[in-house]
Amino acid sequence: MVTQETIDAERARLGLDRPLGVQFADWMVGLVTLDLGKSMWTDRPVTEEIGLRLELTMQVAIMATIFAVLIAIPLGTISALFKDTWVDYAVRLITIAGLAVPSFWLGMIIILALLYWFNWLPPITYTPIYVDPVANISQLIWPALAVGYRYSAVVARMVRSSIVEVMKEDYIRTARAKGVFEKLVVARHAMRNALLPAITVIGLEFAFLIGGLVVTEQVFNLNGLGKLFVQAVSRNDFTLIQAIVMLIAVVFIVTNLIVDLLYALFDPRIRLGGK
Amino acid sequence: MSDSNVLLSVEDLHVHFVTSRGVVRAVEGVSYQVRRGEVLAIVGESGCGKSVSSLAIMRLLAKPAGRVVHGKIMFEGVNLLDLTDEEMRERRGRDISMIFQEPMTSLNPVLPIGLQIMEPLFIHLKMTEEQARARAVELLSLVGITDPERRLDQYPHQFSGGMRQRVMIAIGLACNPKLIIADEPTTALDVTIQAQILELMKELSRKLNIALVIITHNLGVVARYADRVNVMYAARVVEKGTADDVFLRPRHPYAMGLMRSVPRLDRPRGAKLETIEGLPPNLLDPPKGCRFAARCQFRADICAQDPALEEIEPGHLSACLRAKEIAAGEIGREQTVIEAGGKREGRAGEKLLSVTGLKKFFEVTRKTGTFSSVKSEVRAVNDVSFDISPGETLGLVGESGCGKTTVGRLILRLETPTEGAIKFKGQDISKLGAAELRPIRRKIQVIFQDPYSSLNPRMTIGQIIAEPLLVYKIVPDAAAAKKRVAELLEAVGLFAYMAERYPHEMSGGQRQRVGIARALAMEPECIVCDEPVSALDVSIQGQIINLLENLQKRLGLTYLFIAHDLAVVRHISDRVAVMYLGRMMELADGDALYAEPLHPYTKALLDAAPIPDPSIEKSRAARTLGGEIPSPLRPPSGCVFHTRCLLADDACKATIPEIREVKPGHLVACLKV
Ligand SMILES: Nc1ncnc2c1ncn2[C@@H]1O[C@H](COP(=O)(O)OP(=O)(O)OP(=O)(O)O)[C@@H](O)[C@H]1O
Ligand code: SF4
Ligand code: SF4
Ligand SMILES: [Mg+2]
Chain W
1 MVTQETIDAE
11 RARLGLDRPL
21 GVQFADWMVG
31 LVTLDLGKSM
41 WTDRPVTEEI
51 GLRLELTMQV
61 AIMATIFAVL
71 IAIPLGTISA
81 LFKDTWVDYA
91 VRLITIAGLA
101 VPSFWLGMII
111 ILALLYWFNW
121 LPPITYTPIY
131 VDPVANISQL
141 IWPALAVGYR
151 YSAVVARMVR
161 SSIVEVMKED
171 YIRTARAKGV
181 FEKLVVARHA
191 MRNALLPAIT
201 VIGLEFAFLI
211 GGLVVTEQVF
221 NLNGLGKLFV
231 QAVSRNDFTL
241 IQAIVMLIAV
251 VFIVTNLIVD
261 LLYALFDPRI
271 RLGGK
Chain L
1 MSDSNVLLSV
11 EDLHVHFVTS
21 RGVVRAVEGV
31 SYQVRRGEVL
41 AIVGESGCGK
51 SVSSLAIMRL
61 LAKPAGRVVH
71 GKIMFEGVNL
81 LDLTDEEMRE
91 RRGRDISMIF
101 QEPMTSLNPV
111 LPIGLQIMEP
121 LFIHLKMTEE
131 QARARAVELL
141 SLVGITDPER
151 RLDQYPHQFS
161 GGMRQRVMIA
171 IGLACNPKLI
181 IADEPTTALD
191 VTIQAQILEL
201 MKELSRKLNI
211 ALVIITHNLG
221 VVARYADRVN
231 VMYAARVVEK
241 GTADDVFLRP
251 RHPYAMGLMR
261 SVPRLDRPRG
271 AKLETIEGLP
281 PNLLDPPKGC
291 RFAARCQFRA
301 DICAQDPALE
311 EIEPGHLSAC
321 LRAKEIAAGE
331 IGREQTVIEA
341 GGKREGRAGE
351 KLLSVTGLKK
361 FFEVTRKTGT
371 FSSVKSEVRA
381 VNDVSFDISP
391 GETLGLVGES
401 GCGKTTVGRL
411 ILRLETPTEG
421 AIKFKGQDIS
431 KLGAAELRPI
441 RRKIQVIFQD
451 PYSSLNPRMT
461 IGQIIAEPLL
471 VYKIVPDAAA
481 AKKRVAELLE
491 AVGLFAYMAE
501 RYPHEMSGGQ
511 RQRVGIARAL
521 AMEPECIVCD
531 EPVSALDVSI
541 QGQIINLLEN
551 LQKRLGLTYL
561 FIAHDLAVVR
571 HISDRVAVMY
581 LGRMMELADG
591 DALYAEPLHP
601 YTKALLDAAP
611 IPDPSIEKSR
621 AARTLGGEIP
631 SPLRPPSGCV
641 FHTRCLLADD
651 ACKATIPEIR
661 EVKPGHLVAC
671 LKV
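Residue numbers (my numbering), protein chains in the order written: chain W, 1 to 275; chain L, 1 to 673.
Do not rely on the hints blindly, as some may be mistaken.
Unchecked claim - With a Cα cut of at most 30 Å, we get these calculated DSSO-like pairs of lysine-lysine: (1) L:Lys423 / L:Lys288; (2) L:Lys63 / W:Lys183; (3) L:Lys425 / L:Lys473; (4) L:Lys63 / W:Lys168.
To be verified - From chain W, some residues computed to sit far from chain L (all C-beta separations above 12 Å): (5) Ala9; (6) Pro19; (7) Thr47; (8) Met58; (9) Ile94; (10) Pro133; (11) Thr174; (12) His189; (13) Thr200; (14) Asn236.
Said to hold, decoys possible - Quick look at which bits of chain L chain W covers, simulated, 3 or more residues with Cβ under 8 Å: (15) 90-103; (16) 117-127; (17) 201-207.
Just so you know, these hints were derived from the structure itself, not from any lab.
All residues carry an ideal CB built from backbone N, CA and C; glycine is no exception.
Bound conformation, chain W alone (with noise of 0.2 Å):
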């Protein structure tokens, strides 16, 4: 049986006897100061707690944003200069399978594969980069490929319809009206207006990776901020909580942050301030 007092002892240790105000600021005080105070499963800092595990999310992440880049703009770019040829037909058929195919679905068959192939299964604990880079990287390629295809085929998709807007613009013609290497009005003339739209999506897929990667996680038994999420969730853990969504929140807000700064870099209007 818990006493009153008991409770009210519980209350004033969490500080549930202040005023809302007062909680709010402790707590937006608490925020700026990196102290999100303790797990109330753990009991550990809800910093460290996150600290591991985000380290890991950010790696996948990362790495699945350079993989789908890398297959994204070359991809869309082919497939949008070979408009409505075979070469495109393939490409979206790709893309189409990338966006339909779910990212967990595609990390299970990836286990087998390496399973039955190789007869390797993914190790149950995390090899930090800077222990053992090998091991680490031979760990976490698989889910980054996993998440990646999806990834690059919503990259690729949106690389093919700018460059295809791109390539309808007067400067285009413009440009091949100049007698410039039709290469060299892709690359320099085409690309760098087409990549606008391709950053932001971009942006907007990494910050989503961040805690959007759940399923794959469980099923490559990855402890990452998802699975922490997760965890948090089931049990109530609402200081965790509070801190993984505002991680979230922050992520989003830095990564558009980010993309604003490309823009500047790659368009000039911005830069310069236009009409």
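Please arrange chain L with the ligands on chain W, whose structure you already have, making use of the hints.
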């Protein structure tokens, strides 16, 4: 012809576009030649194949839809159509350059101007960075851009439309080509800037012996600059000859109609414009025989045959089966009587609309960096006063950014004035709220410039016109609305059955008529016409102007007619006001203003507007107004025109000239008048 002077010879060119609705025969059997150093103009209605035939020369037709299916394009003895892509690329920008219509979109927004000019120098002439830079600086000064060194590192958005077109010319000239094709090089520009650009092109072509093909629909431009003219109609050349031949002795009824349907600055105002009725044929399914037959007033039985382009006089060809009769003066001589412009007497003292001290300042924030911005004020309209009597037309002219559209929007109360009064029938409407405005909105209607975007694409024409009728309860029910819609459609020269159509099923001119019918539905007393004909072809333009004039006579309408085309404004207006950078420069009776302009800006505008008559143009000294139109964000001190005015002195920089009545009814804002 084995003339060694011939640079380009297009022989029996046929271009097809394969579309989902069928094959568009965009160019059919076009032949012409361009000699070294000469200026050839190609004129004709929108969609007649002018651009396509030129793009075919550059081999830049939209792929894969567009294809040259027949013909030869001989350039210096080589058939361009036989070249490999790589050989063709070597010629583009090196031997043949092309300048496009849209200066705003023809330059790459993310690359510096310098690189865009230097590109052909690197590619064709293998110049080093230093050589190319030096040449680019030289080119920019050649086309009249000051401070070229600094300009090289700037981007297109930092240039005005006129300056971008100069940059395009600099790019075109970079490798000293033998031929420049300019597709509507000045259509998007203001009159004074147009004159600057064309003078520049003509002068350069003389100096450097470059042949010039100018594609345009502005007959005045043709008369002023062209040596020879091709008139195209429905994918074919219907008349060609020297500029004098085609302008003074047109031998094809279409060319004759074109010459007569443009309002002209140098003639007394006719009461009515001659027009070419009807529409050009659809190139998906062109009619058999003479393609102009449906619109031709001389059509006869033989016109069912296909007319060939035949020589009527030495060097003057026409594709009309009755051209000989026209040449002999048997037909087509009947010059319509041009009645002197009847001046409509406004009822004295009683003003329908009177505007005093009107001002509209817009606050704008301008980004100066990623995180910084400054607030500033655009003085779109600054102290404008005028009044309009019932049944009168007041024309409002000026170049882009002078505030004419804002004046219109203020009168319609789509904007609220910053200061000043707008009296409609004695009542000040400048500060009324939405509810009080409602009955007045009905009385002041508008016709917009763009007949494409001003009609809701998802509504039928009938619904578009009926909507205001029902909303304002002008008619009791839907049946009555339907009847009224039919009447209105007929009043604007359309047919009642067209009520079932959607806007995309109508041509530009027909849509503009729908716009007029919609305005008329409200039974207005006053209509603000904001550039109602600028988006239309010459022959259609004439039809709409005549319609507006007829309606005015019949219904006693009052117009505020806003436009940048001086000849059109003068044709339709009783009095004309000239604006520059938000201020009114001159206001006078239309005829007086054109016969005896007093303000230096009005004079410059009139000088800059070419007259479609080569004999007059050759005797007119080319006087062009220099300089750019200053930004309305930072208007010059004193008289806003002083940066470009030839008479300007220190007093002009210090004092803002008051608008004064110099002669009865003739108001001028200039210190020197
Ligand atoms: N890419 C295309 N696909 C299909 N049809 C086309 C294409 N480009 C042009 N056309 C058609 O070819 C015809 C000629 O077009 P073109 O652009 O040469 O006209 P134009 O004389 O230059 O008109 P404007 O004065 O409006 O510029 C038109 O009927 C047009 O609809
Ligand atoms: S051939 Fe006949 S219809 Fe055609 S332009 Fe001549 S007179 Fe008119
Ligand atoms: S006031 Fe001076 S600057 Fe202005 S128009 Fe007259 S002469 Fe020119
Ligand atoms: Mg064109």
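Broken hints, by number: 1, 11, 12 and 17
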